[in-house]
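Visitor: Spelled out from the first residue to the last, the chains are:
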Amino acid sequence: MSSTKTPSTKRGKLVNLRNFPGFTSTSWFVMFFLYIPLVYVVIYSFNSSRIGSIWKSFSVKWYGKVIENTDIQRALKNSLQVGFAATILSTVLAVMAALGLLRMQRAGKAVAMALIGAPLIIAEIVLAVGTLGLFIAVGVPLGKVGLIVAHTAFCIPFALLPIRARLSQLDMAPFEAASDLGANERQILRRITLPLLSPAIIAGALLAFAISIDDFITSFFVAGPGSTTLPVYIFGMIRSTVTPEVNAISTLLLLFSGGVLLGSYLIQRKRR
Amino acid sequence: MTAVTTPTKKPVTRARPGQSSPKLAYLPIIFLAFAIGIPLLIIVVYSFLEKPSQGTGVKWVFTTENYRALFIQEKLDGTTAFDTRYIKVLWTSFYYSLITTVVTLVFSVPVAMWIATREARKRTLLVALVTLPFWISILIRTYGMRQIIADEGPIGKFLGLFDISWSILYSPPATILGLIYVFLPFMILPIYASAERFDFRLAEAAYDLGAKRMTVVRRIILPSIRPGVISGVALVFIPALGSFLQSDMLGGGKTNMVANVIANNFGQARNWPFGSALAVLLIILTLLFVLIIQGIAQRRGDKVELV
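Going line by line, the protein sequences match chains A and B. Counting in full-length UniProt numbering, the first sequence runs without a single skipped number right up to 272 at its last residue. Counting in full-length UniProt numbering, the second sequence runs without a single skipped number right up to 307 at its last residue.
Source of the hints: derived by calculation from the structure; they are not laboratory data. Just so you know, not all the hints are guaranteed correct.
Stated by the list, open to error - Below are the BS3-like pairs computed for lysine-lysine, each with C-alpha atoms no more than 25 Å apart in a straight line: (1) K88/B to K75/B; (2) K65/A to K77/A; (3) K56/A to K157/B; (4) K77/A to K61/A; (5) K23/B to K109/A; (6) K77/A to K144/A.
Just chain A, with the same shape it has in the complex (with noise of 0.2 Å):
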């Protein structure tokens, strides 16, 4: 009987259960799918041609009308300011939040929950009218505060993320050591639960600063004519007219998010 066989052999052949047909020139297919739209914007930077689609001669004359652009030196500047700004308040709040969750009755846990939530469920086009009305009805001037307060909103799920995650795994017995040996709730904090979560910390601010200098929708609504963000800025010349610039700025702003993902995953290296 085929009893007396090793199963792989009674089939007559050997299966390897970790490899599928297809699924490797799949994978390679959806890799180059992902990468070829930026590999193209990034070579397209470099030509000389006005036109942005026939390829002249290697030139970086585009980087140096972006350079001297005035007009995306300000979007720049104001795109930083919010960003940084909006960064540092999210991830305070987000650390207030994460903190004082853990002891919280379950009906404000919820409430919390659902308002900490709602930027990640609901239609960012819903919040942006919705934060332009609100702006309007109290008589916040569309610019740079509205900017940061929407900014610090939908920023602070994002803040909290790592934090939450490293909250959860964290070993209660030095809180409760410093707590039997004296040590008050501020000094806890200060010594103890701060450092202990400070590689969370850090990744949620750079996945805030990242969500927040990326917006586009908010900041188109909210932004006004006088605080125009780097992406609200982008968004028009592109519906403007399109020269290899957006190449040029969009480049650099790749560069600039692959910087902040290996800033973060060094980080997270370094302190493990």
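Please build the complex by placing chain B on the supplied structure of chain A, with the hints as guidance.
Guide: For chain B alone, coordinates are given in the frame of chain A:
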């Protein structure tokens, strides 16, 4: 009831030594109530108000006209007719999101499984490659896709060599392609997270015990990655439903999705109350989908956290 649950619930809320006071969460909650809660409330209130005779904003007169206008059109001669325009917009958004979800799912399962079965070093690199687009501005990614599929882009040029004409930019397929492109990593990553935890020796054991290859896939592998699939479906479908940039930049205004119509009503069309009514409808549809997903996850006993 409380007496039964006390032993399990009490330790969660009890003051554990060394933990911070819940008061710490008050400030973030108050801030979010102002910056998230009130905007949502405003949208609901505005949807029941009238549009001012001129300018933007609202007139503080109660009306349900905005919801009626979603389905019924008032003609100039005073007659009314059933209006399918906005139903079509909602249907378009739903339909595009559905196609996007299905296509990303079909591609993500093999990719996630493939990455999960590579050796550790290669796996880290591949995961980083899938994560990187997540950090790159959606605006720029959509722009990159537009350059690729433009009539005179690389695909158009290549096909031009064989005298095949290529013109998909500013059409529904372009919008859908853009959505697939932008949201693909959102599907791959959660499925990978599930696949990575799967012990492939289980599949081999099942096979050795006589299960057919397809049976192994159906009964062992797929149930193990199901939590990731459910998360991925939610993470792709929900943002796709409310997406704005893809239909704006790739659909060329011909293929309006609900977010574009909302934006237009708060912009050029200057009808905030009607835009708000559409926004309320979008919120309801989104929450309905969240409930369905959570229901499926619960019935299957999978732990799926959307927030």
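Visitor: State the violated hints by number, sorted upward, taking the hints as numbered earlier in the document.
Guide: Structure breaks no hint.
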